[in-house]
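Chains A and B are the protein sequences, given in the same order.
The opening position of the first sequence corresponds to residue 1 in full-length UniProt numbering, with each subsequent residue numbered one higher.
The opening position of the second sequence corresponds to residue 1 in full-length UniProt numbering, with each subsequent residue numbered one higher.
FYI, nobody ran anything at the bench for these hints, they're computed from the structure.
Check each hint, because a few of them may be wrong.
[Stated by the list, open to error] Here are the simulated DSS-like cross-link-like pairs (lysine-lysine), alpha carbons at most 30 angstroms apart as the crow flies:
1. 8(B) to 304(B)
2. 99(B) to 60(B)
3. 8(B) to 313(B)
4. 8(B) to 103(A)
5. 304(B) to 45(A)
6. 313(B) to 99(B)
7. 27(A) to 60(B)
8. 313(B) to 71(A)
9. 71(A) to 285(B)
10. 285(B) to 103(A)
11. 99(B) to 45(A)
12. 285(B) to 304(B)
13. 45(A) to 60(B)
14. 27(A) to 103(A)
15. 27(A) to 8(B)
16. 45(A) to 27(A)
17. 45(A) to 71(A)
18. 99(B) to 71(A)
19. 313(B) to 285(B)
20. 99(B) to 27(A)
21. 103(A) to 313(B)
22. 71(A) to 27(A)
23. 313(B) to 45(A)
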Amino acid sequence: MSQQESLYEQIGGEAAVNAAVDIFYRKVLSDERINAFFDDVDMEKQAAKQKAFLTMAFGGPHNYTGLDMRKGHAHLVARGLNDSHVDAVIEDLGATLRELGVKEELIAQVAAIAESTRNDVLSR
Amino acid sequence: MAIIRYAKDNYDLEENQSVLDCLTHRGVALPFSCRSGVCQTCLMRATGGTPTEASQQGLKDSLRLQNYFLPCVCYPDTDLEVALPDDADAQAVIPATVKSLRLLNADIMHVELESHAQLDYRAGQFINLFQHQTLGRSYSLASVPHQDDHLHLHVRRLPQGRVSGWIHDELRPGQTVELRGPGGDCFYIPGDHAQSMMLIGTGSGLAPLYGIIRDALSQGHTGPIYLFHGSRDLNGLYLSAELRELMAHYANFNYIPCLSGDDVPAGYASGRAHDIAFEQIPSLKNWRMFLCGHPEMVRITKRKAFLAGAAMKNIYADAFNVSQPL
Numbered sequence: 001m002s003q004q005e006s007l008y009e010q011i012g013g014e015a016a017v018n019a020a021v022d023i024f025y026r027k028v029l030s031d032e033r034i035n036a037f038f039d040d041v042d043m044e045k046q047a048a049k050q051k052a053f054l055t056m057a058f059g060g061p062h063n064y065t066g067l068d069m070r071k072g073h074a075h076l077v078a079r080g081l082n083d084s085h086v087d088a089v090i091e092d093l094g095a096t097l098r099e100l101g102v103k104e105e106l107i108a109q110v111a112a113i114a115e116s117t118r119n120d121v122l123s124r
Numbered sequence: 001m002a003i004i005r006y007a008k009d010n011y012d013l014e015e016n017q018s019v020l021d022c023l024t025h026r027g028v029a030l031p032f033s034c035r036s037g038v039c040q041t042c043l044m045r046a047t048g049g050t051p052t053e054a055s056q057q058g059l060k061d062s063l064r065l066q067n068y069f070l071p072c073v074c075y076p077d078t079d080l081e082v083a084l085p086d087d088a089d090a091q092a093v094i095p096a097t098v099k100s101l102r103l104l105n106a107d108i109m110h111v112e113l114e115s116h117a118q119l120d121y122r123a124g125q126f127i128n129l130f131q132h133q134t135l136g137r138s139y140s141l142a143s144v145p146h147q148d149d150h151l152h153l154h155v156r157r158l159p160q161g162r163v164s165g166w167i168h169d170e171l172r173p174g175q176t177v178e179l180r181g182p183g184g185d186c187f188y189i190p191g192d193h194a195q196s197m198m199l200i201g202t203g204s205g206l207a208p209l210y211g212i213i214r215d216a217l218s219q220g221h222t223g224p225i226y227l228f229h230g231s232r233d234l235n236g237l238y239l240s241a242e243l244r245e246l247m248a249h250y251a252n253f254n255y256i257p258c259l260s261g262d263d264v265p266a267g268y269a270s271g272r273a274h275d276i277a278f279e280q281i282p283s284l285k286n287w288r289m290f291l292c293g294h295p296e297m298v299r300i301t302k303r304k305a306f307l308a309g310a311a312m313k314n315i316y317a318d319a320f321n322v323s324q325p326l
């Protein structure tokens, strides 16, 4: 292990996730490109899932596997989830971090982690 | 070594093993996902012993106070008895005597029950009342512990409602009924006494709100409290006199009765309760929200409140889902 701070630590760890989760979820719910996917979900449970997603995207501790990602989104793929929706989510994620004053180079790293789940999320 | 007790079986917790792993490794089927204390899929409740502090991090205050915890990140040193959140068997059946029954309006019955055993509840939680062993329904508590001697319910008569029909037509004072509870996380938590609070209820959704408001006021809440109670017409509202009296007593309490029908006399707001609430108070940043009653109203309002700036952890909701007749 290097002495350098991890991405998760640089962004601000759990406190940053907590600060980001409501902002991010509000952006997603207000985003006409994707909010229809969230119409029938339990908001409380969804917020917890968003938090788990952000923790992972920020490079934090998680135990998600590609299989979890596939299982978790299969019902959405059946409803037409495609690349444009993943793009929208990554865009909203970047906007959230910008709003919180996170540096662009870190935002790019977060976007890359989110990007790495794309094929699993879309069951490809 | 700590022992985990689940569904009447004992499981030895191994060193550095989480409660979730301890149970699932021995074949107990439990829901879980992230296994890192974030997604809350594996949420359980400790019915005996105290869960570790780390396993309650990130949970809503009202869940924490009821010993809910995340078993995937719980590594206890002492024994724990655990149950799934919806495990009704985790609570004992308590007999209660019907003390009084009186109509609050044409459809809603005020039911006063004297519990035979101490029921440790918070105003706004619900109990399950049983007509017989397998037929029970959830009713919110309108009473406040230490303030009201007995348990108070507001039972709305539903078309073809088996339990509500029984309560309205057959139940008599002096009769003994069985209940289980309490449950639910829609209640007042002291701590931020100056926080602004908005409560929106339709129909008998007023029951938990009436308890929560009186609980908050008696605990010295100083921030503004706005209650929007909605119904279609005047006949659907109730406890108006009591609420106006409360308003006269507490300068920080505001009662706004709302009528969504055509006939709206002076002194009542015209429109649906949640529409009027958002019209009057468009920005809800730092507000605490309580939403009770019609499931569709609760669903829409929760989302709107969140988008209007209320934090998810500050939104408490109880949707009154109606059991579909078989």
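Each hint, compared with the structure:
Of the supplied pair hints, the one linking residue 8(B) and residue 304(B) is violated, its CA atoms being roughly 43 angstroms apart against a limit of 30 angstroms. This hinted pair does not check out: residue 99(B) and residue 60(B) have alpha carbons roughly 35 angstroms apart, beyond 30 angstroms. A C-alpha spacing of about 33 angstroms is found between residue 8(B) and residue 313(B), which places the hinted pair above 30 angstroms, so the restraint is violated. For a cut-off of 30 angstroms, the pair hint linking residue 8(B) to residue 103(A) is broken: about 53 angstroms separates their Cα positions.
Using a Cα cut-off of 30 angstroms, the hinted pair residue 304(B) and residue 45(A) holds, with the two alpha carbons roughly 17 angstroms apart. Under the criterion of a C-alpha separation no larger than 30 angstroms, the hint pairing residue 313(B) with residue 99(B) is inconsistent with the structure, at around 37 angstroms. Restraint check for residue 27(A) and residue 60(B): the C-alpha separation of about 22 angstroms stays at or below 30 angstroms, so the hint holds. The straight-line distance between the Cα atoms of residue 313(B) and residue 71(A) is roughly 28 angstroms, inside the 30 angstroms bound, and the hint therefore holds.
Note on residue 71(A) and residue 285(B): the hinted pairing is violated, with a Cα-Cα distance of about 35 angstroms set against a maximum of 30 angstroms. Between residue 285(B) and residue 103(A) the CA atoms are separated by roughly 26 angstroms; this keeps the pair inside 30 angstroms, and the hint holds. Proximity of residue 99(B) to residue 45(A) is assessed by CA-CA distance (about 39 angstroms); at most 30 angstroms being required, the pair is judged violated. Only pairs whose Cα atoms come within 30 angstroms are accepted, and residue 285(B) paired with residue 304(B) is accepted, the gap being roughly 12 angstroms.
With a C-alpha separation of about 12 angstroms, the suggested pairing of residue 45(A) with residue 60(B) holds against the 30 angstroms cut-off. At roughly 19 angstroms between alpha-carbon atoms, residue 27(A) and residue 103(A) fall within 30 angstroms of each other, so this suggested pair holds. This hinted pair does not check out: residue 27(A) and residue 8(B) have alpha carbons roughly 45 angstroms apart, beyond 30 angstroms. A C-alpha spacing of about 17 angstroms is found between residue 45(A) and residue 27(A), which places the hinted pair at or below 30 angstroms, so the restraint holds.
Proximity of residue 45(A) to residue 71(A) is assessed by CA-CA distance (about 17 angstroms); at most 30 angstroms being required, the pair is judged to hold. With a C-alpha separation of about 52 angstroms, the suggested pair residue 99(B) and residue 71(A) falls outside the 30 angstroms cut-off, and the hint is violated. The straight-line distance between the Cα atoms of residue 313(B) and residue 285(B) is roughly 12 angstroms, inside the 30 angstroms bound, and the hint therefore holds. The hinted pair formed by residue 99(B) and residue 27(A) fails the criterion: a straight-line CA distance of about 51 angstroms is larger than 30 angstroms.
Taking the CA atoms of residue 103(A) and residue 313(B), the gap is near 28 angstroms; set against the 30 angstroms cutoff, the hint holds. Simply put, residue 71(A) and residue 27(A) have alpha-carbon atoms about 24 angstroms apart, close enough for the 30 angstroms limit, and the pair holds. In summary, the hint linking residue 313(B) to residue 45(A) is supported, as the alpha carbons are separated by about 12 angstroms, within the 30 angstroms threshold.
The structure shown violates the earlier hints numbered 1, 2, 3, 4, 6, 9, 11, 15, 18 and 20.
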